[in-house]
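Chains as they are written, first to last, in the numbering used here: chain A, 7 to 324; chain B, 7 to 324; chain C, 7 to 324; chain D, 7 to 324; chain E, 7 to 324; chain F, 7 to 324.
Source of the hints: derived by calculation from the structure; they are not laboratory data. Here the structure is a predicted model, which is why all the values come from computation and not from measurement. Don't take every hint at face value.
Identical copies go unnamed one by one, so any copy, or any two together, can satisfy a pair.
Derived DSBU-like pairs: lysine-lysine, alpha-carbon spacing no greater than 30 Å straight-line [to be verified]: (1) K71 / K92; (2) K33 / K307; (3) K293 / K32; (4) K298 / K241; (5) K136 / K307; (6) K307 / K208; (7) K208 / K33; (8) K136 / K32; (9) K293 / K71; (10) K298 / K33; (11) K298 / K208; (12) K241 / K17; (13) K11 / K208; (14) K32 / K208; (15) K56 / K241; (16) K11 / K71; (17) K92 / K11; (18) K56 / K32; (19) K241 / K208; (20) K241 / K293; (21) K71 / K56; (22) K32 / K298; (23) K307 / K92; (24) K241 / K71; (25) K56 / K136; (26) K293 / K11; (27) K293 / K136; (28) K307 / K32; (29) K33 / K293.
Protein chains: 6
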Amino acid sequence: MEQQKVCQLAKDDRFDGFLLVRGAEKKTDRNGRDYVDMNLGDRTGEINAKIWNWDGNQNLPEGGKVLQIRGLVQEYNGRLQMRVEKWQPVRPGDAVPMEELVPSAPRNPDEMLREIRETAAGIQSEPIRKLTEAMLDMAGDRLSWFPAAQRMHHAERGGLLHHTTDMLHLARAALEVYPWMNRDLLLAGVILHDLGKLEELKSDENGNVTDYTRDGQLLGHLVRGITLLNRAAEKTGVTGEPLVLLEHMLLSHHGEAEYGSPRPPMFPEAEALHWIDMMDARMNTMKNAWEKTPEGAFSEKIFSLERRVYHPRYTEED
Amino acid sequence: MEQQKVCQLAKDDRFDGFLLVRGAEKKTDRNGRDYVDMNLGDRTGEINAKIWNWDGNQNLPEGGKVLQIRGLVQEYNGRLQMRVEKWQPVRPGDAVPMEELVPSAPRNPDEMLREIRETAAGIQSEPIRKLTEAMLDMAGDRLSWFPAAQRMHHAERGGLLHHTTDMLHLARAALEVYPWMNRDLLLAGVILHDLGKLEELKSDENGNVTDYTRDGQLLGHLVRGITLLNRAAEKTGVTGEPLVLLEHMLLSHHGEAEYGSPRPPMFPEAEALHWIDMMDARMNTMKNAWEKTPEGAFSEKIFSLERRVYHPRYTEED
Amino acid sequence: MEQQKVCQLAKDDRFDGFLLVRGAEKKTDRNGRDYVDMNLGDRTGEINAKIWNWDGNQNLPEGGKVLQIRGLVQEYNGRLQMRVEKWQPVRPGDAVPMEELVPSAPRNPDEMLREIRETAAGIQSEPIRKLTEAMLDMAGDRLSWFPAAQRMHHAERGGLLHHTTDMLHLARAALEVYPWMNRDLLLAGVILHDLGKLEELKSDENGNVTDYTRDGQLLGHLVRGITLLNRAAEKTGVTGEPLVLLEHMLLSHHGEAEYGSPRPPMFPEAEALHWIDMMDARMNTMKNAWEKTPEGAFSEKIFSLERRVYHPRYTEED
Amino acid sequence: MEQQKVCQLAKDDRFDGFLLVRGAEKKTDRNGRDYVDMNLGDRTGEINAKIWNWDGNQNLPEGGKVLQIRGLVQEYNGRLQMRVEKWQPVRPGDAVPMEELVPSAPRNPDEMLREIRETAAGIQSEPIRKLTEAMLDMAGDRLSWFPAAQRMHHAERGGLLHHTTDMLHLARAALEVYPWMNRDLLLAGVILHDLGKLEELKSDENGNVTDYTRDGQLLGHLVRGITLLNRAAEKTGVTGEPLVLLEHMLLSHHGEAEYGSPRPPMFPEAEALHWIDMMDARMNTMKNAWEKTPEGAFSEKIFSLERRVYHPRYTEED
Amino acid sequence: MEQQKVCQLAKDDRFDGFLLVRGAEKKTDRNGRDYVDMNLGDRTGEINAKIWNWDGNQNLPEGGKVLQIRGLVQEYNGRLQMRVEKWQPVRPGDAVPMEELVPSAPRNPDEMLREIRETAAGIQSEPIRKLTEAMLDMAGDRLSWFPAAQRMHHAERGGLLHHTTDMLHLARAALEVYPWMNRDLLLAGVILHDLGKLEELKSDENGNVTDYTRDGQLLGHLVRGITLLNRAAEKTGVTGEPLVLLEHMLLSHHGEAEYGSPRPPMFPEAEALHWIDMMDARMNTMKNAWEKTPEGAFSEKIFSLERRVYHPRYTEED
Amino acid sequence: MEQQKVCQLAKDDRFDGFLLVRGAEKKTDRNGRDYVDMNLGDRTGEINAKIWNWDGNQNLPEGGKVLQIRGLVQEYNGRLQMRVEKWQPVRPGDAVPMEELVPSAPRNPDEMLREIRETAAGIQSEPIRKLTEAMLDMAGDRLSWFPAAQRMHHAERGGLLHHTTDMLHLARAALEVYPWMNRDLLLAGVILHDLGKLEELKSDENGNVTDYTRDGQLLGHLVRGITLLNRAAEKTGVTGEPLVLLEHMLLSHHGEAEYGSPRPPMFPEAEALHWIDMMDARMNTMKNAWEKTPEGAFSEKIFSLERRVYHPRYTEED
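This is chain A alone, in the form it adopts within the complex (with noise of 0.2 Å):
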């Protein structure tokens, strides 16, 4: 049975269910009782929860982990708060449905990864094709289920292979209309130019991203792109031109200095990489915030896009 979604609780419900922990405290109450004072969500939101007469030896319950909710909602002060009646944390076997927890990607992990495997096997020149599944092969693991952001695009469980392939999906297309570009370069360059963010980000294993690491501070995921592609470079023995052009295509696919790259793109695979990029990353950005927003009306104003959104009503009377 499905459990009921945290955007939909109200008044007088009682959940039961799964629900992810963003973030604990232990505080004292008036009387000098300790309480746990959290807030839990699901993937359509999130709630602030408090367990009154905490045992203050137990330990306290720990941010990304899932805990088994038994609860009553209340209101205090005009919002919603749960009272936790019951609490667990998960045991193997628990049927936590983690789809429901986190946002994920659309699609299966292990097919995005299939799809990408293949297409940098099918690269017909040989450093380029290197190049590749050498950064795949020290990518690893991570890779199934590492977000594209924090909080911007993509946002979400399996977020950068998501982003990868629908990338991969708009290349193609664009190799179609410009049949004069280099297959490889581009094919190359859309699988690649993100991988630096997996030194970039922390994120645990549900894409959720708590931070930046000290080099993604520091160097940012461009840079530290470059320098993993010339360890690629270094096991695989390719230098020259083509390792030159795929530095230059990580460097540039944020194409002003302004949004971090100090160079411009500067071929056409490159430009192509750019513009591929930016809309797919944008489209995620819109696609969130015009879901969100009830049909015929206007967002409030998305950060990241700079204005609100309108949802159409698309039918044919006013």
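Here the structure of chain A is known, so what remains is to put chains B, C, D, E and F in place on it, guided by the hints.
Just chains B, C, D, E and F now, kept in the frame of chain A:
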């Protein structure tokens, strides 16, 4: 037999073929004799030419017209110059290799126009289809040869169709990757987005833009497109959301105030239209710069891209 | 007898008079009893108010309506709060001091409208006069109370007329200093420049703007003004330069792309319109900030001016 | 008899009249003979001129001086050139049509100066009046002919008075529309705002600016105006608010840091001064561009306006 | 005995020592009894404090004054709060540890002032030395404790001297690396560049800036510095280049219009002054952020630096 | 005997000495005879030169090479031109006054290099020292003559060493003023920050930059410096924080995205490096402009500084 390309002319060559007049002026030499100083070109380049001993009563060759020319290539002050020995205007029946003289879209205009018409006819939403077809009707024959710009991108015979059909291909790919978008709206947006240019630019039938129109200068093709769309709405009786959505798509397709759109795209189909337009325009500009640059070399700084462009060798060795 | 101004209420005051409802909500106290939490205001300020022991079946007071109120001013958590003792909706015949409740233009609307109508009637050029009068006809009665903005300047009952008539006075002075300008064009431009706001803003008859319309959001008042003008042109049969000059004036009156005008003013009358509009808008904003600041003091930073404002003492000593 | 305008000279015309020297250089022809290569002009334009067979011992004509000239207009390399046949410096008593040679303000300088003096004398506030009159005293006679700029606006003999008196007219209109402003402050601000230019620019008595002064380059007329004002304060004994308000008006009249004002206007009279200054400067620039453009045509891009200017036909037909 | 640092206070601690009042307000509790709600601090932090059962007739503790305090640290709503048990104003003779209460420059003010005075006395150029010494005379005693800013950098007791002397050290190093610069000009520029702040900021003797002055708001310390310098010139009889060079250095030391300098530095000594000022200001800001950040961690985003700051471990292992 | 400076050549001078070829081209005169048209220069300037009656079989003089020249200075079209009478390539043993021909650093390269090497050897932290020394080893001999730029600053033989050693002096002063900084990190940062330029610029041994390299164009010296540093890390086995801190210093030393640094400096040593680099680069540019400007005069607008530069008289009178 193919005539020689202007970009390949060398000192002492004899030329025999057709060339396009790009500006001609009557001048007087030191001895008081009239001569014609003009520039002749084909799609690959331009050469200065002189007709000495000009009979002042003749009509001056007119810019935009084709002449049949026989002449000798000389060098003067380090630059090539053609001494015209024989010349005459084109006569009916002359086999003028028009595609060699003016830059032209790579596909046949009728074929492109047919594709656009069929796409319009396939729009499911009645109001959107009616508006789209009414706008195409109003555009009329000029569509066959109209360019998309004076200089920036698709500045070529049939460039407007070329730009629009390439964008349709990208739009269809985008609809596969983002199937939650409204197909009718996106395809109609692509077809309509630049039709205002028909009233913004003054172009001859070779796709050569000599100037902007008064209305083009004072209002621009975005806003002129909107008033044309309102005229189409008046004719077809369409009102309400379908009309305003398309008005918004015309207005916002440049993406930012700085580039002429007082509104940014506010729903997904407008957003997609913007990126597809940007990508196609930039890929065309990039291709033009890249084609003219030798392999392994950098171009001069390209004004519209604000950067130099590199033409990779695309080989495996350095 | 004049009722007390909200900005002058103090602890323990008793209030007896009419106030405007600005948002009201039903809430529940700790004992489960319903009460109403609302904000009441006049043109000088706003106070939070409670109706305790609310009968849940009554209709909640509606935002934008006027209530007759009797209550006691108390202090809670350092802020004033009115305990409502008696209240009722306005009944026909009540002497509601509307000008005390909402900010209003200083001149009588009918008088301002008459001035504008007479100016329009005095335009010599037939096509310009026809377009101007047709636009005024289409604007209709809403002109009497429509504000010029939600917040920035002339956000008041009759603000659009206030802004327009003040600009007419400045325009007449400009025509004396720059007598080479075309009088008809400048006066018509002033009258028409903001009429698109009637379709951009949702305002009640108090000049209180609750939101932007769908078309206002998607197109803005500049572009909507142009489509209205084209409708007027259709009705009056006006075409050609007079129409396109006025279209350009509407489009360019914000002066720069950054402020919403995709074209800068390109002839003298459009340029003059822009500066007169800027000056009148800014002087109004400046006056509002200056009035609220005590003599010899600085205001807080004013958002729309991006600066603090000083209210000089204007005396001869320091 | 009126002499021919330079902008109307054509090949084979004979010219007889006075012209202003704008730069002259001694050169040597192929045969080793000296000649003078100079530019001559009136307020309508400029023509290159040669004095062949120049006696090397003569003094070269000096820039900024007027010559009486007789010559023949010829064409060389497609450009007009005057062959000077006879020339001599102006002698006392020559009826030099100065107003034809240099751009001049349309009103009589004495009349403009009288208007400014009377306005200053009418200031009610004693400290403000004293400061204003002391500044005018310090400015002295140069006011009669000083221009307002080297190129941008009112770059003409008497341009500073022209700009100031036109602004006074606009300021008086503003005081009627915004009667809550302080009359003394605004009128004094207008009179004083550009007096620092007297120490910023090097101008001859024709209003022709040859350069900036050292202090003008290093400090600018805003800051130099403030130190002059402090000198006036020292003389008159004025201190306190009246002084600092005027200092602020001088400092802020360009409106934004980007345009040289480190402070934006912070009280209403300073705000009004800024807009009146902007409007008058821009209307003058616009008029100059518009006058030179034929009806129904667009100018080239005007550097200081960053746009092309259209000169409407102002007729009712298209 | 050293008193406890505010940043180290913990629940249930008893505090006994001196603290600085940072704002105090009289409030009323639910039972109608008056109490004082105030913030107390030392240079390490701030804590909220309550004096319950306040006798309404007493004078409220004044911001900026020091109190001797005995109290108990409690927790309320998860934040620390001090219950004041005993308090009294400082009496003459109390050993107030001022350096613990307010941030102060690390060196002794008299020593710093002496260094500056000696540097001024060592200036070889008579006009430059006279201007510098006259400005220091006018600055007077306030120099001993004046801060360099309200918040940005050197916001501390004696901060103006601290900033100036550190800059003198950098300037001497620059004179060794660039020995072609004029020593007198650079050293005088350093000493004078921020003296206008004495009239821009309102500071108490603890270096705590409560506000900007009227003149500071309307003119800023750059321009106010120039009028002070002109007063010094009047006194000393200095005119000409030495004066205008120093005026320019004051005006240009922020480097760009955007940062308040309407002129960029236009000679080498002005350029050097700008970079030395920038460097010292930024190093101070950076140090403050870096000190508060634990080793191996990133700070929050620092407003004035627009970035997060990292505190390296500086050890050889990772 | 010293040869004549090119900037001092005058008409009819005879020149006898060595000059550097800056571009040479074979051309044909009106009579069909070949001649050489070239530019010759020393560090003070450039002059056009012709070798008439050129034997077409000879090798054209090569850009960047030195020729021994005898010639006559003539004037043509108002510009000086040298008629070359005798010329030959430099032969071994010729006493070429290289320091007169190309701009060079004022100190001896070996001495500068020794200073840098000793500074590197004195670094206490082993990983930082190893990285620094490995990078210097990789840089090799080119360091002796490499310039720091093509045009902007230190565009001279040995300019990279000149820039680096001057920065080391400033850095040591900064370490005295801010003794809490990490000495090793700052000194290593200075030494390494521009080494990537060795792979960004193509320079001959005279420090004359003819172009950017492919990698320089596509990646820039900041990013290329980072990949070189990673190669040094590989060789020396250094990993972890010391490596990433230096990577960040290379990446951030331009300070802002707009100037090529995708990350701003995020720790004090990186911040100090940025300002020291800025200051030294700007002081060098300023010095070059100032030296060329006569005392008491202003330069033309200097492109890289976006301003005119003033050369003060530095005397006590005006």
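Hints, verified against the model:
1. K71 / K92: within (16 Å within a copy, 48 Å between copies)
2. K33 / K307: between (34 Å within a copy, 28 Å between copies)
3. K293 / K32: Intra 37 Å, inter 34 Å, cutoff 30 Å: neither.
4. K298 / K241: Neither, since 47 Å and 36 Å both go past 30 Å.
5. K136 / K307: So K136 and K307 fail the 30 Å test inside a copy (45 Å) and across (33 Å) alike.
6. K307 / K208: Both ways: K307 and K208 sit 28 Å apart in one copy and 18 Å across, limit 30 Å.
7. K208 / K33: Within one copy only: 28 Å inside a chain, 42 Å across chains, cut-off 30 Å.
8. K136 / K32: neither (52 Å within a copy, 48 Å between copies)
9. K293 / K71: Cα proximity of K293 and K71: one copy only (28 Å, versus 38 Å across).
10. K298 / K33: Between copies only: 26 Å across chains, 34 Å inside a chain, cut-off 30 Å.
11. K298 / K208: both (27 Å within a copy, 24 Å between copies)
12. K241 / K17: neither (60 Å within a copy, 53 Å between copies)
13. K11 / K208: within (27 Å within a copy, 35 Å between copies)
14. K32 / K208: within (25 Å within a copy, 44 Å between copies)
15. K56 / K241: neither (53 Å within a copy, 55 Å between copies)
16. K11 / K71: Answer is within; shortest intra-copy Cα gap is 18 Å, inter-copy 38 Å.
17. K92 / K11: Within one copy only: 19 Å inside a chain, 43 Å across chains, cut-off 30 Å.
18. K56 / K32: Both, since 10 Å and 25 Å are each at most 30 Å.
19. K241 / K208: Cα proximity of K241 and K208: in one copy and across copies (26 Å, 29 Å).
20. K241 / K293: Result: close neither inside a copy nor across copies, 40 Å intra and 34 Å inter.
21. K71 / K56: within (17 Å within a copy, 40 Å between copies)
22. K32 / K298: Result: close only across copies, 25 Å inter versus 33 Å intra.
23. K307 / K92: The answer is neither: 39 Å in one copy and 40 Å across copies each exceed 30 Å.
24. K241 / K71: Classified as neither: same-chain Cα gap 38 Å, cross-chain 42 Å, threshold 30 Å.
25. K56 / K136: Answer is neither; intra-copy 54 Å and inter-copy 55 Å both fail.
26. K293 / K11: Within. Shortest intra-copy distance 20 Å satisfies the 30 Å Cα cut-off; inter-copy 48 Å does not.
27. K293 / K136: between (36 Å within a copy, 28 Å between copies)
28. K307 / K32: This pair counts as between: shortest inter-copy Cα distance 27 Å, intra-copy 34 Å.
29. K33 / K293: neither (39 Å within a copy, 34 Å between copies)
Taken one by one, the earlier hints fail for this structure at numbers 3, 4, 5, 8, 12, 15, 20, 23, 24, 25 and 29, listed in ascending order.
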